[in-house]
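**Student:** These protein sequence lines map, in sequence, to chains A and B. Residues in the first sequence are numbered consecutively from 1, following our numbering. Residues in the second sequence are numbered consecutively from 1, following our numbering.
Mixed in with the good hints there might be a few duds.
[To be verified] Partial selection, computed: residues in chain A whose CB lies under 10 Å from chain B: (1) M4; (2) T54; (3) V78; (4) W92; (5) V101; (6) A105; (7) L113; (8) Y123.
None of these hints come from the bench; they were simulated from the model. Just so you know, even glycine gets a beta-carbon here, dropped at the ideal spot from N, CA and C.
Residues per chain, in single letters:
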Amino acid sequence: MASMQEKMRSLVTANDSTSVTHDAEVHKDGGHVHVHAVSPLVLLSVFGALLVLTVLTVAVTYVDLGPANLIVALGIAVVKAALVLMFFMHLWWDRPFNAVVLVAAFFFVALFLGFTIMDTDQYQINMTPPAQMSPK
Amino acid sequence: MSDVSLPTAAHGHKTNGDAHAHPTFLAHHFETPEQQFISAKFGMWVFLATELLMFGGLFCAYAVYRHNHPEVFDFAHQALDKIMGGINTVVLIASSLTMAWAVRASQLGKQKLLVGLLAVTIVGGYGFMTIKAIEYHHKYEVGLWVGEFNKYNKDYKAPAGTTVSFGMEGHDPGHAEAEKPTGPVMGTVGNPWVDPNAGSGDEAKIKPPFVQAVGLASTVVKSGPEFTQFGDMAKSEQERVNAFFSIYFTMTGLHGVHVVVGMSLIFWVLVRAATPAQRKWIWPAGLASAGLYLLFCGLLTGGYMTGGHGEHHASLGGLPGLTFGLGAVCTLVGGLMTLLGLVRGRNLAGAGEFGPEYFTPVDLVGLYWHLVDLIWIFLFPLLYLIH
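Here chain B stands alone, though its shape is the one from the complex (with noise of 0.2 Å):
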């Protein structure tokens, strides 16, 4: 009486008093692993929709004040790095490809393939961190920080010698008026948000020569009489200027905290979907991204990958340069890869176990994924393409 057709997995089958034997993937209150798919995928796409809701919240948020005060987002948003945002939707959706492609080896029973791609969607997931922690980073640098130390938020406090510069040319009505500026200086030709230090004659001292990370926008981000300027602004829109940024803090924060969520998911599917002899290469790959995430980390607060000033307009909380929190995620990340990789690599059962008859997790996780990316579709050109 026992079926033949459904294969049992190799390891036997639980017996727990029942007289049948049954994959060990399903789980007693289904009665055929089609059922079980079919419930699986359908409970992940109602989670999608709660994750819908709780992002509308935000564009709810973003509805309301861009509709209330247009000036300041067309003002604030030329802080934003187009090239960088761009660089970042791309490498999005590269990595949704790998993740449906790796979705596809695991239907096909194409084992090996499947982990490759696994591990490559995770690099693409470093890949948009690392962009976001140099985007936040330069934030940091300039002074465009959250809260207080922003610097359009009336409690900021503008570091020992420098001048603070809102306006066009240079001219900030609350200060003493300075020859030449020594903070970041908003409505000159060239993007002064990439580099202050642009056409000084410092220049070429200041900025390492391998490092331009962000002066790609120079050339393409045009800041001048078509966007407002900050002089252009009543008064009352002048003082909102901060909330443009706290709002895109919290989206692209937020989404980026599903973005970490997601590879993580991602390599806890990679780990299952491992033979043992892959495993073993999962605690090196582990060991290499959190080290050099350390380096991409010494980097940034080195000052080698925002124009190299070093200047810190912002402390938080009397602890300086913690502005790497998203490259120090990723190595806690690539961490926790290690010592997944060192501790269970050899021991977990259940090896390579994803085929034909049994994907659902590398489909569920895929969802995920793609959902992840359907948020940044949508934030890219709210945020960084207003005109």
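If we strip away everything but chain A, and leave its shape as in the complex, we get (with noise of 0.2 Å):
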């Protein structure tokens, strides 16, 4: 009865390759998820640097730079992004695909604002009224 039994299961899973049987033996470990917690010390520390950016990116507008005002404005938060992003987000420790999904999106949204504003360019001339165009 077991050999049987055993038979007629041999039947349905050697053909079944979905099975999660068959294939968490091909996978060593058994197919589990693995498990990377982020420790509390990189979490705290990460939250740190972006309270500290915060602060830095209010007190920089008290200081005038003329027109690197917006470059450092976006630059401090480009970096808050990547902390939070690494850290926050995992990226630092996941597969890398999923990094390059988020590259990819970063690159169209600077070819859909760098297109824009270079067609922009062109029509500045275009911008200005012609009533205060005119000499007086």
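Put the complex together from the two separate chains, hints included.
**Tutor:** Pasting the structure below:
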């Protein structure tokens, strides 16, 4: 009886390539999810750094650097974003392909803004109303 | 032949004619839980990429408009309260911390910590929306609302008995001069955007002593020669000032919608993560938050939170006082929590679902919440900190 049951079962599982039992044997660790839990030290350090950068970003508005104002503001924002992405969103330890998806998104946004601003630049001459252009 | 290394759920495994045992959280089209997790995470990142592109469109509108009309931005951004924006940034970053920690707790099977941290994250979301509501309500009060209710819009109708001032020393060339402007005045020291009654004899009577929320900025924001003044701009630029507010409300509004969606998702995950005993607390918490928000809406519309003059400079389609919209939404979320907690709290299967074997929903909702934080990290300097 037992051997008949085993024969029946082996018939089913042998052809059933989606059974977990089959693949669990193929994957030597049983196909478990590999858990990487971020350490509290890392979480708190990143949080501290983000707070410092926030204070910095507000503080720097009291200093006028001319055209560099925007670059500095965006630069600090990019650093904060990188910290959130790498550590809170786990990309530092993740499969690199997830980061590829993110970089692709940023690339397309950059294309979007880049071409649009480039196009706008070509139309600057049309931006000023004629009344203000005519020499007095 | 059954696999003993992967735990099947305590309430048994699906048969469906299959001879094998597998965890209930594993969908049939995946071979192993690890494959499922990797696919889920990848799918979430693709979705986040689409969200970035969506906000990218708005950032593009911002970039083009600021590029073409820098003076408009330099002038109009003075209406925004840096301190409120800064507090919002800190609140969102703190809630990101608690969310990342909640993911860690789920990975380590620390169920109580997970539920606690998810609850704190939701509270952070409420905090953000509260401050947003105060900011938006103030804008409503001083005639800087959306569309034709913005005083820089050419279709703006000033309420009876008030003089609209856009100009520097309280002089508005388009209207009869008033000795003492009754509307908000631009360009005077002490940030009149915050409190038009600042320094007036009536100030003590008008402002209730316990709420000074919006007055924080009056000591910090400088309104003076280093910022563009209304009169400095060419007429064509003056006519375009309302576009700044359109951009401001669209960007922060869409972001606010994402915050509320994120809060709802976190709440869904919280219900799944909670044991039935813990779920008993959800509906009272929902009721309390709904009640708190109704109180908050009442305070806002009663004018106690923005300087208290209670004078509405705009009405929305004939229905006065609808600017507590954000507060109302939070009331709705609280109400939903109450309802769900009452209806499903006792019967929902899968109590305390998450652990080292399966924490994917917590992880993915965490990614969404971090994205919301990420977007605000860029919104804050671009809108509030122009100089």
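**Student:** Against chain B, is A:Y123 within 10 Å by beta-carbon distance?
**Tutor:** holds, 9 Å
**Student:** Is the interface hint for A:T54 satisfied, with its Cβ closer than 10 Å to some Cβ of chain B?
**Tutor:** holds, 5 Å
**Student:** Hold the hint about A:W92 up to the distance rule: shortest CB distance to chain B must be less than 10 Å.
**Tutor:** Cβ of A:W92 sits 12 Å from chain B, so the hint is violated.
**Student:** Given A:V101 as an interface hint, is its Cβ closer than 10 Å to any Cβ of chain B?
**Tutor:** holds, 4 Å
**Student:** Do the numbers back the hint for A:A105, that is, is its least Cβ distance to chain B under 10 Å?
**Tutor:** Constraint on A:A105 satisfied, holds at 4 Å.
**Student:** For the restraint on A:L113, tell me whether the closest CB of chain B is nearer than 10 Å.
**Tutor:** A:L113 check passes; min Cβ-Cβ to chain B is 5 Å, inside 10 Å.
**Student:** Please verify that hint: A:V78, Cβ, nearest Cβ of chain B, below 10 Å or not.
**Tutor:** holds, 9 Å
**Student:** Would the hint on A:M4 stand, with a C-beta cut-off of 10 Å toward chain B?
**Tutor:** Violated: closest Cβ of chain B sits about 14 Å from A:M4, beyond 10 Å.
In terms of the numbered hints stated before, the structure departs from hints 1, 4, listed from lowest to highest.
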